[in-house]
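Participant: Spelled out from the first residue to the last, the chains are:
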Amino acid sequence: MSEFLSQGGYAFFVWSSYGMGLALLAIEVLLLHRDRRTILARLGRLARLRKLDSEGDR
Amino acid sequence: MKITWFRYSSPATFYALAGRMIPWFAAAAAVLTLAGLYWGFFETPDRLGGTNPQKEYYRIIFLHVPAAWLSMWLYLVLAGWSAVGLIFNTRLSYMMAVATAPTGAIFTFLALWTGSFWGRTSWGTWWDWDPRLTSELILLFLYVGYMALHSAIDDVRRADRSAALLSLVGLACVPIIFWSINCPDPNECAALHQRSGLGRIDPNILWAMLVTTLGLWAYSFAAIFARARGVILTREADTQWVRDLVAAETRA
Numbered sequence: 001m002s003e004f005l006s007q008g009g010y011a012f013f014v015w016s017s018y019g020m021g022l023a024l025l026a027i028e029v030l031l032l033h034r035d036r037r038t039i040l041a042r043l044g045r046l047a048r049l050r051k052l053d054s055e056g057d058r
Numbered sequence: 059m060k061i062t063w064f065r066y067s068s069p070a071t072f073y074a075l076a077g078r079m080i081p082w083f084a085a086a087a088a089v090l091t092l093a094g095l096y097w098g099f100f101e102t103p104d105r106l107g108g109t110n111p112q113k114e115y116y117r118i119i120f121l122h123v124p125a126a127w128l129s130m131w132l133y134l135v136l137a138g139w140s141a142v143g144l145i146f147n148t149r150l151s152y153m154m155a156v157a158t159a160p161t162g163a164i165f166t167f168l169a170l171w172t173g174s175f176w177g178r179t180s181w182g183t184w185w186d187w188d189p190r191l192t193s194e195l196i197l198l199f200l201y202v203g204y205m206a207l208h209s210a211i212d213d214v215r216r217a218d219r220s221a222a223l224l225s226l227v228g229l230a231c232v233p234i235i236f237w238s239i240n241c242p243d244p245n246e247c248a249a250l251h252q253r254s255g256l257g258r259i260d261p262n263i264l265w266a267m268l269v270t271t272l273g274l275w276a277y278s279f280a281a282i283f284a285r286a287r288g289v290i291l292t293r294e295a296d297t298q299w300v301r302d303l304v305a306a307e308t309r310a
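Quick mapping for you: the protein sequence lines, in order, are chains U and C.
For the first sequence, this note's numbering begins at 1 and goes up steadily by one.
For the second sequence, this note's numbering begins at 59 and goes up steadily by one.
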């Protein structure tokens, strides 16, 4: 295991590369989840506003 | 027989289709990427001989090459959707182009970042104004320029068309990156990337690279479809189908 982690002494270079890859993809996935929740929340508020508007017309 | 080519160009149809496909692409991405990297780390030699000997650090290749291939491929996808949008004026094509750019930019940055760490170990330098490195950096600026231009224009249709045009102008960059190593005489061109022949690579290394590429390609599908669904919801907020969908989501 430690042999795998040390990558023949090049751990810094190998894991900096793969670490950045993992970090960027994880951040992208988290942002996509957050954006979806934000959009649905905004559309929900919009729907409630429309409902209030139509009730106010009566 | 009625041909329904344009059935999936309707945002409402595509929204539902993409929603069903995202879990499959995400699962394929996880399985293929992990399998490719496992093969790359455990079934390949630690050191490579030849004219350009490599130690363990060459294993950066299993992220570097897929990221570089995808950075170019996703730019072709971006420009392709832009062209379809400009020619047929279809709404969904522009939405797909907008959804593709951030993922493409991420892979371009990753190709440069991983290349830098490989370059430091292999060539003794973090960066060099070598033709391929420079043109890949320009590709990153094109992705960023596409997104910046799009977000700088308030009117969505004008933003779509202007950014699409920019992406088509930038298309010239992709063949330059691709062929920037095929220099006839290595002494005359200062190319750090050697002319690479896929057939000369150790089959284990080649397979690990190809399987990881497939995995990250599947990841791009999942990420781009997820982002496109957000763009569709935002842009179609006033349509009845989105209202129905929001009503169903809030009840659930």
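I should point out that these hints are in silico values taken from the structure, not numbers from a laboratory.
Keep in mind that a hint or two might mislead.
What the hints assert, rightly or not - Some chain U residues near chain C, calculated using beta-carbon distances under 7 Å:
no., residue
1, Leu5
2, Gln7
3, Tyr10
4, Ser16
5, Gly19
6, Met20
7, Ala23
8, Asp35
Treat the numbers as computed from the prediction; the structure is a model and nothing was measured.
Glycine is no exception: its CB is placed at the ideal position from the N, C-alpha and C atoms.
Participant: Under 7 Å is the threshold here; is the Cβ of Asp35 (chain U) close enough to any Cβ of chain C for the hint to stand?
Facilitator: This hint holds: Asp35 (chain U) lies near chain C, its Cβ roughly 5 Å from the closest one there, short of 7 Å.
Participant: Against chain C, run the beta carbon of Ala23 (chain U) and see if the smallest gap drops under 7 Å.
Facilitator: violated (10 Å)
Participant: Quick check on Leu5 (chain U) please, does its C-beta sit within 7 Å of some C-beta on chain C?
Facilitator: Since the shortest Cβ distance to chain C is 11 Å, the answer is violated.
Participant: Please verify that hint: Met20 (chain U), Cβ, nearest Cβ of chain C, below 7 Å or not.
Facilitator: holds (5 Å)
Participant: Does the closest beta carbon of chain C sit nearer than 7 Å to the beta carbon of Gly19 (chain U)?
Facilitator: Cβ of Gly19 (chain U) sits 10 Å from chain C, so the hint is violated.
Participant: Was the hint right that Gln7 (chain U) lines chain C, CB cutoff 7 Å?
Facilitator: For Gln7 (chain U), the interface hint holds, since the closest Cβ of chain C sits about 4 Å away, which is under 7 Å.
Participant: Do the numbers back the hint for Ser16 (chain U), that is, is its least Cβ distance to chain C under 7 Å?
Facilitator: Holds. Min distance 5 Å.
Participant: Against chain C, with CB atoms and a cut of 7 Å, does the hint on Tyr10 (chain U) hold up?
Facilitator: holds (4 Å)
Hint violations for this structure: numbers 1, 5, 7, all remaining hints satisfied.
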